[in-house]
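K.L.:
Please model the complete structure; the sequences and the hints are all you need to start from.
For what it's worth, my numbering labels the leading residue of the sequence shown as 1, then goes sequentially.
Think of the hints as simulated: they come from the structure by calculation, not from any bench. Don't take every hint at face value.
[Stated by the list, open to error] Listed below are the simulated DSSO-like cross-link pairs for lysine-lysine, each with C-alpha atoms no more than 30 angstroms apart in a straight line:
1) 100 <-> 123
2) 40 <-> 82
3) 103 <-> 8
4) 56 <-> 82
5) 73 <-> 52
6) 40 <-> 52
7) 103 <-> 74
8) 82 <-> 67
9) 82 <-> 34
10) 67 <-> 122
11) 73 <-> 119
12) 100 <-> 122
13) 123 <-> 52
14) 8 <-> 74
15) 52 <-> 67
16) 103 <-> 40
17) 40 <-> 8
18) 82 <-> 100
19) 73 <-> 34
20) 52 <-> 82
[Said to hold, decoys possible] Derived CB-CB ranges, DEER-like:
21) 21 <-> 124: 43 to 53 angstroms
22) 107 <-> 27: 14 to 24 angstroms
23) 115 <-> 22: 34 to 44 angstroms
24) 99 <-> 30: 17 to 27 angstroms
25) 106 <-> 3: 31 to 41 angstroms
26) 122 <-> 22: 39 to 49 angstroms
27) 40 <-> 64: 42 to 52 angstroms
28) 82 <-> 39: 20 to 30 angstroms
29) 23 <-> 64: 22 to 32 angstroms
30) 23 <-> 101: 47 to 57 angstroms
Where a beta carbon is used, it is the ideal one built from N, C-alpha and C, also for glycine.
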Amino acid sequence: MSPSLARKYNCLHQQMYMVRRLAEANYRTTSAGKVPWSPKLQGFWDRLSLWKLLLKGRQRCRVSSRKVRRLMKKTRLRDAWKKTTDELEEALSAERRAYKQAKRQAAQLRRDFLTAQTKDAKKNSSQPAVL
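P.N.:
As structure tokens, this is what we get:
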């Protein structure tokens with residue numbers, strides 16, 4: 001590469017770099033569906049997954065019975081398999097409404113979870129905190 005061509009390339013590269021940096025500094029960020037995780041919200045998500053899986057199974061789609069059993073154990077919903085399709089649809093819509101309400105407090109639930117974690121870590125100083 002000739003010296004004049006290298007200078008032109010470097011000049012163009014510098015301009016492109018500055019334009020990108022300015023654009024990056026001035027663009028708006030959106031959360032785009034990111035919900036801060038907490039154990040309480042995980043419970044809502046697990047119940048939603050269970051109702052969806054059971055409904056899918058009622059529609060003759062392949063569903064792992066082991067996965068259903070694990071979710072039933074995790075959510076402590078032992079009689080979920082006995083529900084009718086109408087009951088499953090009602091439970092799913094009710095759970096969606098509850099999750100939508102809980103999602104509004106997701107940031108606060110996350111903060112509460114983290115403060116509880118740090119308090120436990122201070123109390124049990126021999127074990128490191130898992131954040």
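K.L.:
Give a verdict on every hint.
P.N.:
Checked hints:
Taken as a hint, the residue 100 and residue 123 pair is broken in the structure, with Cα atoms around 34 angstroms apart against an allowance of 30 angstroms. Under the criterion of a C-alpha separation no larger than 30 angstroms, the hint pairing residue 40 with residue 82 is consistent with the structure, at around 25 angstroms. At most 30 angstroms may separate the alpha-carbon atoms for a hinted pair to count; residue 103 and residue 8 exceed this at roughly 52 angstroms. For the proposed pair residue 56 and residue 82, the alpha carbon gap of about 15 angstroms is at most 30 angstroms, so the pair holds.
As the CA atoms of residue 73 and residue 52 are separated by approximately 16 angstroms, the hinted pair is consistent with the 30 angstroms bound. A C-alpha spacing of about 19 angstroms is found between residue 40 and residue 52, which places the hinted pair at or below 30 angstroms, so the restraint holds. Restraint check: the Cα-Cα separation between residue 103 and residue 74 comes to about 20 angstroms, which is no more than 30 angstroms; the hinted pair holds. Proximity of residue 82 to residue 67 is assessed by CA-CA distance (about 16 angstroms); at most 30 angstroms being required, the pair is judged to hold.
In summary, the hint linking residue 82 to residue 34 is not supported, as the alpha carbons are separated by about 34 angstroms, beyond the 30 angstroms threshold. Between residue 67 and residue 122 the alpha-carbon distance is near 36 angstroms, which puts this suggested pair outside the 30 angstroms criterion. The suggested pairing of residue 73 with residue 119 holds, with an alpha-carbon distance near 29 angstroms, which does not exceed 30 angstroms. Among the hinted pairs, residue 100 with residue 122 is inconsistent with the structure: their alpha-carbon atoms are about 34 angstroms apart, more than 30 angstroms.
About 40 angstroms separates the Cα atoms of residue 123 and residue 52, which puts this hinted pair outside 30 angstroms; it is violated. Pair hint residue 8 plus residue 74 does not hold up; C-alpha atoms about 63 angstroms apart against a cutoff of 30 angstroms. For the hint pairing residue 52 with residue 67, the CA-to-CA distance comes to about 12 angstroms; that is within 30 angstroms, so the pair holds. Between residue 103 and residue 40 the alpha-carbon distance is near 10 angstroms, which keeps this suggested pair within the 30 angstroms criterion.
A distance of roughly 58 angstroms separates the Cα atoms of residue 40 and residue 8; the hinted pair therefore is violated under the 30 angstroms criterion. The straight-line distance between the Cα atoms of residue 82 and residue 100 is roughly 26 angstroms, inside the 30 angstroms bound, and the hint therefore holds. Straight-line distance between C-alpha atoms of residue 73 and residue 34 comes to about 27 angstroms, which keeps the hinted pair within the 30 angstroms bound. Taking the CA atoms of residue 52 and residue 82, the gap is near 15 angstroms; set against the 30 angstroms cutoff, the hint holds.
Between residue 21 and residue 124 the C-beta distance comes to about 45 angstroms, which sits within the given range of 43 to 53 angstroms. With their beta carbons about 22 angstroms apart, residue 107 and residue 27 fall inside the hinted range of 14 to 24 angstroms. Distance hint check for residue 115 and residue 22: the Cβ-Cβ separation is about 39 angstroms, which falls inside the suggested range of 34 to 44 angstroms. The hint said 17 to 27 angstroms for the Cβ distance between residue 99 and residue 30, and at roughly 20 angstroms that hint holds.
At about 57 angstroms, the CB distance of residue 106 to residue 3 disagrees with the hint of 31 to 41 angstroms. About 44 angstroms separates the C-beta atoms of residue 122 and residue 22, a value consistent with the hinted range of 39 to 49 angstroms. Take residue 40 and residue 64: their Cβ atoms lie about 26 angstroms apart, and the range 42 to 52 angstroms is violated. One distance hint, 20 to 30 angstroms for the beta-carbon pair residue 82 and residue 39, holds here, with the actual separation near 27 angstroms.
The hinted range of 22 to 32 angstroms is not satisfied by residue 23 and residue 64, whose Cβ atoms lie roughly 46 angstroms apart. At about 37 angstroms, the CB distance of residue 23 to residue 101 disagrees with the hint of 47 to 57 angstroms.
Going through the hint list in order, the structure does not satisfy hints 1, 3, 9, 10, 12, 13, 14, 17, 25, 27, 29, 30.
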